[in-house]
Amino acid sequence: MRSLNLSLFLLLLTPVYSAPTSPITFGIDLDAVLERSSPTFQWGMLDDANNYYPNDGYGDRPQEWVNSMFGANGDLGYMLYSPTKNTLRLDVSKLTLWDDRTPDMDDYVNDYVLDQPRMGSGYFEITWWGNSSSDLPRKVS
Amino acid sequence: MDLFKGVTNLSVLTSTSGEGFDLTIFANADLTSENVIVISATGTGGGSPPDITFVPANPNNNDHDSYIPNPPPTTRRTNLDEFSSLEEIFQPHLKGTVHATGILRVEDYNLNEQQRTTIYTSLSPVLESEDAASEYVRDMTIGANSTSYSNLVSGRRGGERLLIRDAKQT
Numbered sequence: 001m002r003s004l005n006l007s008l009f010l011l012l013l014t015p016v017y018s019a020p021t022s023p024i025t026f027g028i029d030l031d032a033v034l035e036r037s038s039p040t041f042q043w044g045m046l047d048d049a050n051n052y053y054p055n056d057g058y059g060d061r062p063q064e065w066v067n068s069m070f071g072a073n074g075d076l077g078y079m080l081y082s083p084t085k086n087t088l089r090l091d092v093s094k095l096t097l098w099d100d101r102t103p104d105m106d107d108y109v110n111d112y113v114l115d116q117p118r119m120g121s122g123y124f125e126i127t128w129w130g131n132s133s134s135d136l137p138r139k140v141s
Numbered sequence: 001m002d003l004f005k006g007v008t009n010l011s012v013l014t015s016t017s018g019e020g021f022d023l024t025i026f027a028n029a030d031l032t033s034e035n036v037i038v039i040s041a042t043g044t045g046g047g048s049p050p051d052i053t054f055v056p057a058n059p060n061n062n063d064h065d066s067y068i069p070n071p072p073p074t075t076r077r078t079n080l081d082e083f084s085s086l087e088e089i090f091q092p093h094l095k096g097t098v099h100a101t102g103i104l105r106v107e108d109y110n111l112n113e114q115q116r117t118t119i120y121t122s123l124s125p126v127l128e129s130e131d132a133a134s135e136y137v138r139d140m141t142i143g144a145n146s147t148s149y150s151n152l153v154s155g156r157r158g159g160e161r162l163l164i165r166d167a168k169q170t
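Residue numbers (the numbering used here), protein chains in the order written: chain A, 1 to 141; chain B, 1 to 170.
Do not rely on the hints blindly, as some may be mistaken.
[Said to hold, decoys possible] Label-pair ranges, simulated between beta-carbon atoms:
| id | chain 1 | residue 1 | chain 2 | residue 2 | range |
| --- | --- | --- | --- | --- | --- |
| 1 | A | 24 | B | 55 | 37 to 43 Å |
| 2 | A | 64 | B | 111 | 33 to 39 Å |
| 3 | B | 131 | A | 68 | 30 to 36 Å |
| 4 | B | 83 | A | 113 | 42 to 48 Å |
| 5 | A | 67 | B | 80 | 35 to 41 Å |
[To be verified] Sample of chain A residues at the chain B side, in silico, Cβ under 10 Å:
| id | residue |
| --- | --- |
| 6 | 41 |
| 7 | 65 |
| 8 | 92 |
| 9 | 107 |
It should be emphasised that the hints constitute simulated quantities derived from the structure, not laboratory data.
Source: prediction; values computed, not measured.
Using N, Cα and C, we set each Cβ at its ideal position, and we do this for glycine too.
I would like the entire structure built from these sequences, with the hints used as guidance.
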């Protein structure tokens, strides 16, 4: 019986240690399948007079987080949008960072929104500048 | 956006003469230090990379009088070598704990001699001290920077990553 238990134990371990990367394989080309759903965004196009116009068939740029592009890796995440036409904003946050106020704290107000909000960490501001032939803001040095 | 690789590519034209930059965001930047997102900007058409600055969250950004904000964050900058610098933002909490944001910035040129800015960013979990939070984000960002840039571009696939994580849990 003891030998049987040992054999079963080793049998259970076998797939884990024999697989080079993962014991799970797909019979499909996941890259190609997902490629069909990979979104493309385009905005801020210029018309013949070098003016920006929002009704170019693609829509205006995402100006707020509610219509941002977003990505994540299961732990960190980001939201990307364009508050002005020469800036991008990349908000970064972490899954486990919450403003976790508990009843033992003086500032606990027994309100889910106030006591348990996602804690923001900050954002990257990505800015580019115009030159003499552009209507973008010039860099002030 | 490439959903399989977790990569976002942007091409930005900043002038009608073709100057601009490419911006790439890697969500799954490094298999060995998962808590890293990488941003890479390269000038194109004779253009330069954009200015990229990090703005720490304002803990007092709340309009409720009853809310007691966390203390203000502090920032520490360290030059690591000629091309790279590390910025650490420490956010203390009311309970005495802290979390940190690490931003490793590398300024160099790619193989086509185009000016490039690469930023490795990591967020620590809530930890007991500033030193512990600093050690965490330093390990993550500097560790991710030790991999080659070509590996960032070609070697990171979100699907494989999830399979490995699932296998470990089971």
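Hint-by-hint comparison with the structure:
1. A/24 - B/55: 37 to 43 Å: holds (41 Å)
2. A/64 - B/111: 33 to 39 Å: holds (38 Å)
3. B/131 - A/68: 30 to 36 Å: Given range 30 to 36 Å: holds, Cβ gap about 34 Å.
4. B/83 - A/113: 42 to 48 Å: Holds - the Cβ-Cβ distance for residue 83 of chain B and residue 113 of chain A, about 44 Å, lies within 42 to 48 Å.
5. A/67 - B/80: 35 to 41 Å: holds (37 Å)
6. 41: The hint holds - residue 41 of chain A has a Cβ within 10 Å of chain B, the shortest such distance being about 8 Å.
7. 65: Where the cut-off is 10 Å and the nearest Cβ of chain B is about 13 Å from residue 65 of chain A, the hint is violated.
8. 92: With Cβ-Cβ at 6 Å, under 10 Å, it holds.
9. 107: holds (4 Å)
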